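Participant: So the protein sequences, as listed, match chains P and E.
Mapping of the first sequence onto this note's numbering: position 218 corresponds to residue 218, and the numbering continues sequentially without gaps.
Mapping of the second sequence onto this note's numbering: position 177 corresponds to residue 177, and the numbering continues sequentially without gaps.
FYI, nobody ran anything at the bench for these hints, they're computed from the structure.
Every value quoted in this text rests on a predicted model; they were computed, and no experiment measured them.
Be aware that a few hints might be false.
[To be verified] Pairwise CB distance ranges (calculated): (1) E:Met-247 x P:Val-67: 34 to 44 Å; (2) P:Ser-26 x E:Ser-6: 32 to 42 Å; (3) P:Ala-136 x E:Pro-188: 34 to 44 Å; (4) E:Gly-229 x P:Val-67: 19 to 29 Å.
[Claimed, not checked] Some chain E residues judged to face chain P by a derived CB distance under 10 Å, without partners named: (5) Gly-71; (6) Thr-123; (7) Ala-124; (8) Ala-136; (9) Gly-152; (10) Arg-156; (11) Ala-230; (12) Val-237.
Each residue gets a CB set at the ideal place from its N, CA and C atoms; glycine is no exception.
Number of protein chains: 2
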Amino acid sequence: MENITSLKNPKIISWRSLRERKGRESLDAFLVEGPKMVQEALSSSFTVRALLLREDTPLPFPVPDSVPIYGLPSHVFASVSDTVTPQGIAAVLSRTPRPIDGKHLVCLDGVQDPGNVGTIIRTADAAGLDGVILSASCADLFSPKVVRATMGSIFRMGFDVSASLHDDLRTMRENGFSIISSQLDGDPFYARPSVGSSFVLVIGNEAHGVSPEIRQEATHRLALPMRGGAESLNAAVAAGIMMYDLMRD
Amino acid sequence: MENITSLKNPKIISWRSLRERKGRESLDAFLVEGPKMVQEALSSSFTVRALLLREDTPLPFPVPDSVPIYGLPSHVFASVSDTVTPQGIAAVLSRTPRPIDGKHLVCLDGVQDPGNVGTIIRTADAAGLDGVILSASCADLFSPKVVRATMGSIFRMGFDVSASLHDDLRTMRENGFSIISSQLDGDPFYARPSVGSSFVLVIGNEAHGVSPEIRQEATHRLALPMRGGAESLNAAVAAGIMMYDLMRD
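Could you put together the complete structure from these sequences and hints?
Facilitator: Below, the structure is given as structure tokens:
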């Protein structure tokens with residue numbers, strides 16, 4: 001274990017930059033915090049570049065020799081952490097999620113709220129979907145808030161961040177996928193025609209919904225019933241209701 | 001319209017206290033913000049005690065003569081508001097929600113996160129449930145974050161804040177309600193026995209779930225399938241999936 005005591009150490013400065021999207025992109029890395037997340041990271045397909053340990057925190061599990069461990073005093077650890085009460089252990093990982101392999105997918109088209117993005121990933125995992133496609137306009141998959149909200153599902157799901165969502169969905173449609181657009185003016189969700197064995201459920205931006213060009217590409221445009229006076233559902237809740245029901249088909 | 005220009009005006013001090021639970025309880029009132037929420041409040045069963053208008057904001061809709069209107073300079077309005085970018089209109093309401101009347105209910109047993117409480121209320125409204133029972137240990141129904149997250153559904157649903165949830169649920173059970181406890185070790189949700197025509201779905205605390213004495217009272221103990229490696233769902237997502245599916249029965 002190497003000890004780093006200075007806030008101005010270049011490694012500390014670079015790890016601190018991971019709190020911002022720019023820093024994560026420049027280093028092609030992100031940070032996860034807490035014993036549970038770090039342990040899951042170690043047994044995932046992600047490359048663990050470094051393990052950070054606050055000086056008062058014993059190593060809670062064995063770590064492969066290939067992973068360098070750095071000991072930090074409390075104030076230095078806190079300067080890297082994104083949380084108000086840091087848990088004393090963190091890991092720096094390469095941004096290399098598992099690619100998508102499977103036939104049941106959810107796609108986020110401009111979902112902005114990090115909590116929503118992370119919660120949808122967590123729910124997709126629980127519902128048994130295979131992967132998550134994110135448009136480039138979504139909240140960053142590797143932001144601390146998204147990573148936290150996934151509750152570890154970021155290590156288990158396949159991902160694709162799409163630079164051209166419209167083209168990618170068109171290709172998937174040509175390859176036999178149903179493209180399901182979730183939209184408030186859609187047809188009744190529970191009376192939907194069969195979506196077949198391969199589908200991608202598209203969840204849109206919190207304010208504007210699925211973008212017009214993606215709606216055009218859809219094979220199914222569906223809405224959940226709105227019974228009381230409510231005009232819409234939270235994006236993560238709507239995604240959860242639809243994913244769980246689609247996986248029953 | 002009466003103008004108030006001092007931060008030390010007793011009315012301003014009392015309205016400012018509504019940001020805290022203690023202030024809301026002592027005044028038996030709460031604050032809603034933004035034109036949409038205020039307009040919905042005016043046509044709801046809640047009593048509107050005062051309407052607050054920032055001096056640069058025109059009144060966006062007619063207001064009954066019985067509602068006193070107060071004009072506030074920007075810094076005074078901001079001192080009362082709970083939001084970072086106040087929308088220039090707010091209303092002080094009495095804490096008198098509509099009582100519960102109906103046979104399809106959701107019950108929150110110690111749900112702590114204000115976003116979860118508000119989102120569950122919004123989803124219950126959209127799913128067509130009739131009312132929401134909150135244990136005294138839940139986040140305060142009238143806190144600014146809960147009210148915002150309901151997106152207006154606080155004006156449309158019936159509510160009961162229960163001082164003795166266990167007794168109340170037992171009485172409901174004796175009156176023919178199914179008591180459905182959502183718990184991770186429950187029986188498969190989608191293979192459930194009929195819940196009949198009257199039910200209350202109980203959603204537990206984010207960390208500890210439904211409390212043991214409530215589980216004992218339940219007629220149904222049910223769990224959603226957890227397919228991937230995920231251990232649990234967000235409380236508001238789980239509630240949404242279950243409420244929408246129960247309303248199909």
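Participant: For the hint 34 to 44 Å, verify it against the beta carbon of Met-247 (chain E) and that of Val-67 (chain P).
Facilitator: Since the Cβ atoms of Met-247 (chain E) and Val-67 (chain P) sit about 49 Å apart, the hinted range of 34 to 44 Å is violated.
Participant: For the range 34 to 44 Å, tell me whether the beta carbons of Ala-136 (chain P) and Pro-188 (chain E) fit it or not.
Facilitator: holds, 39 Å
Participant: Kindly confirm whether 32 to 42 Å is satisfied by the beta carbon distance between Ser-26 (chain P) and Ser-6 (chain E).
Facilitator: violated, 51 Å
Participant: Could you check if Gly-152 (chain E) really has its C-beta closer than 10 Å to a C-beta on chain P?
Facilitator: Nearest chain P Cβ about 7 Å off; hint holds.
Participant: Evaluate the given range 19 to 29 Å for the C-beta pair formed by Gly-229 (chain E) and Val-67 (chain P).
Facilitator: Since Gly-229 (chain E) and Val-67 (chain P) have Cβ atoms about 22 Å apart, the given range 19 to 29 Å holds.
Participant: Is the interface hint satisfied for Ala-230 (chain E)? The criterion is a beta-carbon contact with chain P at less than 10 Å.
Facilitator: holds, 4 Å
Participant: Would you check whether Ala-124 (chain E) satisfies its interface hint, that is, whether its CB is within less than 10 Å of any CB in chain P?
Facilitator: Check passed: Cβ of Ala-124 (chain E) comes within 8 Å of chain P, closer than 10 Å.
Participant: Does Val-237 (chain E) pass the interface check with chain P, least Cβ-Cβ distance below 10 Å?
Facilitator: With Cβ-Cβ at 4 Å, under 10 Å, it holds.
Participant: A closest beta-carbon separation below 10 Å is what the hint needs, so does Ala-136 (chain E) meet it against chain P?
Facilitator: violated, 25 Å
Participant: Tell me if the interface restraint on Arg-156 (chain E) is satisfied: Cβ within less than 10 Å of some Cβ in chain P.
Facilitator: holds, 4 Å
Participant: Holds or violated: is the Cβ of Thr-123 (chain E) closer than 10 Å to a Cβ in chain P?
Facilitator: Since the shortest Cβ distance to chain P is 5 Å, the answer is holds.
Participant: Once the shortest beta carbon distance from Gly-71 (chain E) to chain P is found, is it less than 10 Å?
Facilitator: violated, 30 Å
In summary, the numbered hints that this structure violates are 1, 2, 5 and 8.
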